[in-house]
Amino acid sequence: MFRLNLFLLLIVVFCALAVVTSQHRGRKLFQALEAEQEKVRQLDIEFGQLQIEMSTWATHPRVEKIARERLRMVVPPLQQVSRPVPVGEVR
Amino acid sequence: MVVRRRPQRGHRYTESPILELALQGWRSRMVGLLLMAAFLVLLMRAFYLQVINNDFLQEKGDSRYLRDIEISASRGKVTDRNGDMLAVSTPMRSIWAIPSDARTMSGEQKRQLAELVELKPRELDARLASEKNFVFVKRQVPPQVAEQIAALKLPGIHQEKEYRRFYPAGEMTAHLVGFTGVDDKGLEGVELAFQQALLGRAGARTVIRDRRGNIIEDVGATRPPRDGSDVVLAIDSKIQYLAYSHLKATVTESKAKGGGVVVLDTRTGEILALVNWPTYNPNNRARLSGEQLRNRAVTDTFEPGSTLKPFTVALGLEKGKYRYDTVVDVSPGRINIGRAVISDVHPHKELTVAQIVQKSSNVGTTKMALSMPPEAMWEMFDNLGFGKSPQLGFPGEVGGRLRAWKNWRPIEQATMSYGHGISMSLIQLARAYTVFARDGDIVPASLLRVDAPAVRGQPVFSAQTARELRAMLELVVMPGGTALKAAVPGYRVGGKTGTAHKLEGGVYANKYIASFVGIAPISNPRLVVAVMIDEPSAGQYYGGQIAGPVFSGVMGGALRTLGVPPDAPVQVAALNEDKGRM
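Residue numbers (our numbering), protein chains in the order written: chain A, 13 to 103; chain B, 20 to 601.
Hints are not guaranteed to be accurate.
[Claimed, not checked] Restraint ranges, calculated between C-beta atoms of paired labels, are given here:
1) B/Q69 / A/S34: 21 to 31 Å
2) A/P88 / B/E398: 32 to 42 Å
3) A/P88 / B/A490: 46 to 56 Å
4) B/F155 / A/R37: 37 to 47 Å
5) A/L21 / B/L61: 20 to 30 Å
6) B/G524 / A/P73: 35 to 45 Å
Simulated from the structure, these hints should not be mistaken for laboratory data.
Even for Gly, the Cβ is constructed at its ideal location relative to N, Cα and C.
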């Protein structure tokens, strides 16, 4: 009887320790998950900011200015525009 | 229990008879019983605290490690039809202080803080001098700066997350998109109209935190945050920019008070561009005036003048009273109605119906209008949506004025035929022109992108009438018409000029509204462009001269942007000598 009790006690102690370690491990993993999720949020924020930055650089007035002044682009005069005539269309 | 196992009572402690006490058995039993009773009381108390009345203690315990955390949700984006950002939120921090704690900062700490939040040390001191428990030091601080402030670990200085709205397209789309207040509440434009859809709902979760503030465990159910949904407008930001830059140039050059341009897709009724002048920068709203805030194209009405003539003419054709080439006697360029006189700017003798539109004859239109019953005219105007709110869902949109036909006097019917005594917003006028661009039916204008290829409309005129009107409108931009400057090289376009006196306090003043509304390409119309310039005062004021070139620029650019193939024969269009095709 006493031996059985001692044996069961040992098992109980062992289980208790196992619970403690798995709880600890669970928390560690949970923290890692939290950290990753925080990273996701940060990247999301950064993405938003980069989108704003991109649309600021790509505003139409700026694009037009660069196209006209730096790249010296022009709208082609009509005489230089030719339209491909689809097969079968009669002009 | 120990007591039970003893074989004899009172005799076990010693063998010495001297020490043998003659205790009665009940005394020890009594002590045992009392002790048991005390234990029972303790047990009951424990039971009471643990099971029956455990709320209080549970709460006390929870408050030591449980935390409710709000998961913030962001406001939805506003984008144009191609996904270009028009309004977008990004997280910021607000820095706030408990003044009584914050005053314990050292001089050096204060200097650092003032520098980071870009305040003068004196201003910072003034804020911290407050007797309140809570003052904002600075709102909408960029996250990087907020991190630096947090790293200083200043006493009494705290932070809170908030959002800031950015408008990358700035003043170009200001009237349309509107703006939000500091607490994410839409105040103007689309931001106000679609507040419910744009608004996000914050989520919440309950967590256990450890001593260092790390989250260890989720407890109970978490409520996930719901981000606001994005709003996709019908606007094409390239066309919007075209319209904006042309309008801006013209208003500045003609020293006008203001103006507006509306571009509609004829197939779906989508608003591809809507600009107003003057405008403002929604990213920096200091010193705003009501003038700048007004979205004229939607919230202001004006008397459109001659741009309304094609509708009267169309009604004449529709009722079978006139034909395309019916000759109308308009000599001597004047007509008396009661005591009033209606006259033409350039008197003519005889004009065909097509020429009445081309040369914008008031007398001709009046004669046509008076040959028709007022009821028919009213019904047409009503079908075109005049006098009724366009129901875009835009804040402050107006329907203009269209009086009931029963009270019309002949002079009123006459003036209405050429666009006086009736008022509307620019968007209503542009929408009405879709009947000529389509085959006589009208579609509702839409602020949001329509994902159907084409929308079915409400018929107003027959397809035949619409076709004939298109031919007449094309004559307007040809030699002999009133708006040669509205021609677009490479494309067949048509439209109508308007030069209306402004009403000021019920009297027509010597101030004008120049307008032009047109459609293109005539062979298969894709776009309606409506231009309105308010009080041009640099000499010229005719619709053809002021609004025509804006139309030409916007229409040409927009057609090219949309990849609409040119429909005018190249050599003829290039020389702009396309004479009288019809």
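Note to self: Output the indices of the hints that this structure fails to meet, ascending.
What the structure shows: Numbers 2 and 3 - these are the hints that the structure violates, sorted from lowest upward.
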